[in-house]
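Participant: Protein chains in written order, with our numbering: chain R, 0 to 289; chain X, -9 to 233.
Each hint should be verified, as a subset may be incorrect.
Claimed, not checked - Heads up, incomplete: computed chain X residues facing chain R, CB under 7 Å, no partners named:
(1) E68
(2) I69
(3) D70
(4) P74
No lab work stands behind these hints, which were simulated from the structure alone.
Even for Gly, the Cβ is constructed at its ideal location relative to N, Cα and C.
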Amino acid sequence: MTIYDALIAPFAEFEFMRRALVGVCALALGAGPVGVFLMLRRMSLVGDAMAHAILPGAAIGFLVSGLSLVAMSTGGMIAGFVIALLAGLVARTTELKEDASLAVFFLISLAIGVTIVSLKGTNIDLLHFLFGTVLALDDPTLILIAINASITLVVLALIYRPLVIECVDPGFLRSVSRAGTPVHLLFLALVVINLVSGFQALGTLLAVGIMMVPAAIGRFWARDITLMIAITVASGMASGYAGLVLSYHSGVPSGPAVILVAGFFYALSLAFGSVGGLARQLFPGRHLEA
Amino acid sequence: MSALQFRNVTLGYDRHPAVHHLSGEIASGALTAVVGPNGAGKSTLFKGIVGVLTPFSGEISRGGIDPREIAYLPQAAEIDRSFPINVFDMVAMGLWRKAGLFGGIGTRERDVVERALSTVGLTGFESRGIGTLSGGQMQRMLFARLLLQDAKLIVLDEPFNAIDTKTCADLLELVHRWHGEKRTVLAALHDFEVVRANFPDTLLLAREQVAWGATSKVLTPDNLAKARHMCEAFDEEAAACAA
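Here chain X stands alone, though its shape is the one from the complex (with noise of 0.2 Å):
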């Protein structure tokens, strides 16, 4: 069974094309890593797959979950990080699903936070403003919110940006984690290291699929390099696509 399937999907912003012609999918229960040069549409892909983004053609379909059921960790979250709130409740919104408008966090509920406070390793910092948080603890936090969130597809833009190797570290335990509980999980990654040891299948994205399949067949040196050449700029004077 697919989690999710692109069908011809393009997606981008003015009629330019970020995502060109994607045709593919994922299986339920991989571990994929999306890499691909800056610009090439990885972040563009991922709010397709999110439903923020609709395609300008072409279909996504994800395996008969609703948008809202896949847990996302945009690249730049719009946290707004002056606001008076503490890790505890930040936390308590992976339960939003469960508890929704009006939902108690009870006793029950108070545990489950805990514990996931306790696997990301942030136990002691509940009642902590966010704006005390560094880089690192902050992105900790949002993976105790993902954790809460229990979702059958996680999609995670850009996750180990400017975060150092402890935590990096901690956090692809977790990834492995839901692999092992047969979650579908799509990643958006720069670091070949990280993607060779952690990730099975990669998906080498320039705009257009340069390569898609079992990690160690998509980076070698010949695809990455032909993603690299891929140009980055829109084209203002492009023709309408005929494909």
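Chain R with its partners taken away, still in its complex shape (with noise of 0.2 Å):
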């Protein structure tokens, strides 16, 4: 098998193979950066209790019209927006913090989602909303996912600095501006989005995964945040295209795939990364003079 057998043929003949590739890419455009943001306010695991949150609105958006794109991405996102504006809301006026009033949320829309499909009786395909359909991405599908990943760099531009700000010393940025809890929302809105779209090619299980496995390899190259970012979404497009050609190889499942060449990229930042990697840490070198 030659090179081009290996890397560029499965791409070049097969055009469900150069949708996948497009969707991944347009993925990590737009999840990478939500990520880094993610990450970098100690929010890692929202990521993953938005998803759940998600859920029950496309469940609910398949069983009023079926395996429909639009009634379950409007259904997820609903559900999505619902549950980040109530928590985030519930944060910002109580005691309660983030985490704990968003995993609150997050489980009671996860068991109306449940309910509501277990009293219509349907048998839904769940491997279909667990790992998505990354080799099925339909035109519909692959234009959603382009213009989330397009508002997400927009809105991210416009907001940007409120943003950094806000994650670096909130309470500056409160003795000075109105604009935290308006920004904090929309900045929730993004990951909503980028979670419908990753739901639609990964899964419900695996969207998070485009979004937070780049975010944490970018942190093991970067001191700062733009090339941390633009770190972020190279290893996420190119763990795409790794993942697909590993799956197009060897058969195993597609979403999968992708995320496990990611958290191989991120094993090897790890141990090798230039800021924190543990061989740096292991052998600093000798002390400097000053």
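Two chains, two frames, some hints: make the complex.
Facilitator: In structure tokens, the structure reads:
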């Protein structure tokens, strides 16, 4: 097998592979930067909770109108926005911290979803929900993912400054501006739309993977946030490409393959990363003069 | 003209007063120290002044300026020191009121930031991550940011805690400069020597106002003894205040 056969032919020959590649690249572009901010705000698992909150909304959409992209995405987004908004407001107006209030709301949302599904008694294709269908991305889905990625980049550019300040020194932002709460809620909305995108391609369980694993990789290679975001997006795209190739040749399901490759890159970064990687810590070299 | 006016202000938490029935005013351009034992309500008063806390009763007027125009250095700044941001960007935040969401940081603004850094003695630290700073350097950086905020009213909550004498002297010089520029400065302090040497006016607080006026008349052994005797703990059984 030539290098061409191994790395390029799958995409040259099959349209579904090209679509999958475009899909994961767009996902990495939108979800990566969001993941970096989630990580820096110590909200890494919030993405996971939000993904669970989206599931019931999507399930209800599925029940109402079958495997319709519009219905499932709309349902998912509504569920996600409602949970994000409620959790954010409760955290900002009461003593309950964000993680605790989010845990409460996503569990309620999950329970409502499961209840509705079981009352209806339909047999949902659970695998589709859990692991997505990156190899069967149709036009509307690709467009949805692309739109969400574009919205994410534009909104992030607009709220970048207050978002960074809110992460480093929330007290300062509060003392000079009222932007804190709206910026935070906008940011949570970005988390939701990216999870809905990821949900289509990778399923609810792994949608968070393309958001958080590349961000964790970026942390090991950059000391400033711009470079961190660039590395995150690049490693997300690289994982997407390598995962698809791996899945093509080995028959491993493609969604998990993408995240497994990202996990492999993470392990490498953990070992050899230039910022706090294990090798650097074990062999720091002789100390400096000053 | 007064920069701050308190009319029978009561501030606190969970219905318990931490500042009780405070009345008085701070003249525009005054340099005032707020002293008192731990739990006396100094930080609470400052939170009321900058609008983080709403008074239970009474009124604080700020001479017509918006609370967000006050430069405020909290006692326990909630700064995430592991965040990947450098000293330059951190200080540049002080330009928020001028630059806002989208205003550019151009050559002129860079100069302003550089000058602020050199004023606090942090030239050469521009690209250092904030996680690498010592306690004193951190405080110098926060003062540089205050400097850029160019505020008429500056509120400093225990700015010299755990700071060595050299840094303290340097930062006090800045406070005097602000005073010379007719800005109103309020600072919560514990070191009476520093207060006597640098602050013309003092408010001695122990939940209630113990004394307020010229520093030499406020910091008397009698007054300080009185302040020490005011109790610190909230009384869970306390009845509703009639006043």
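Participant: Look at each hint and say if it fits the structure.
Facilitator: Comparing the hints with the structure gives:
no. : hint : result
1   : E68  : holds, 4 Å
2   : I69  : holds, 5 Å
3   : D70  : holds, 5 Å
4   : P74  : holds, 5 Å
Violation of the numbered hints given earlier is absent; every hint is satisfied by the structure.
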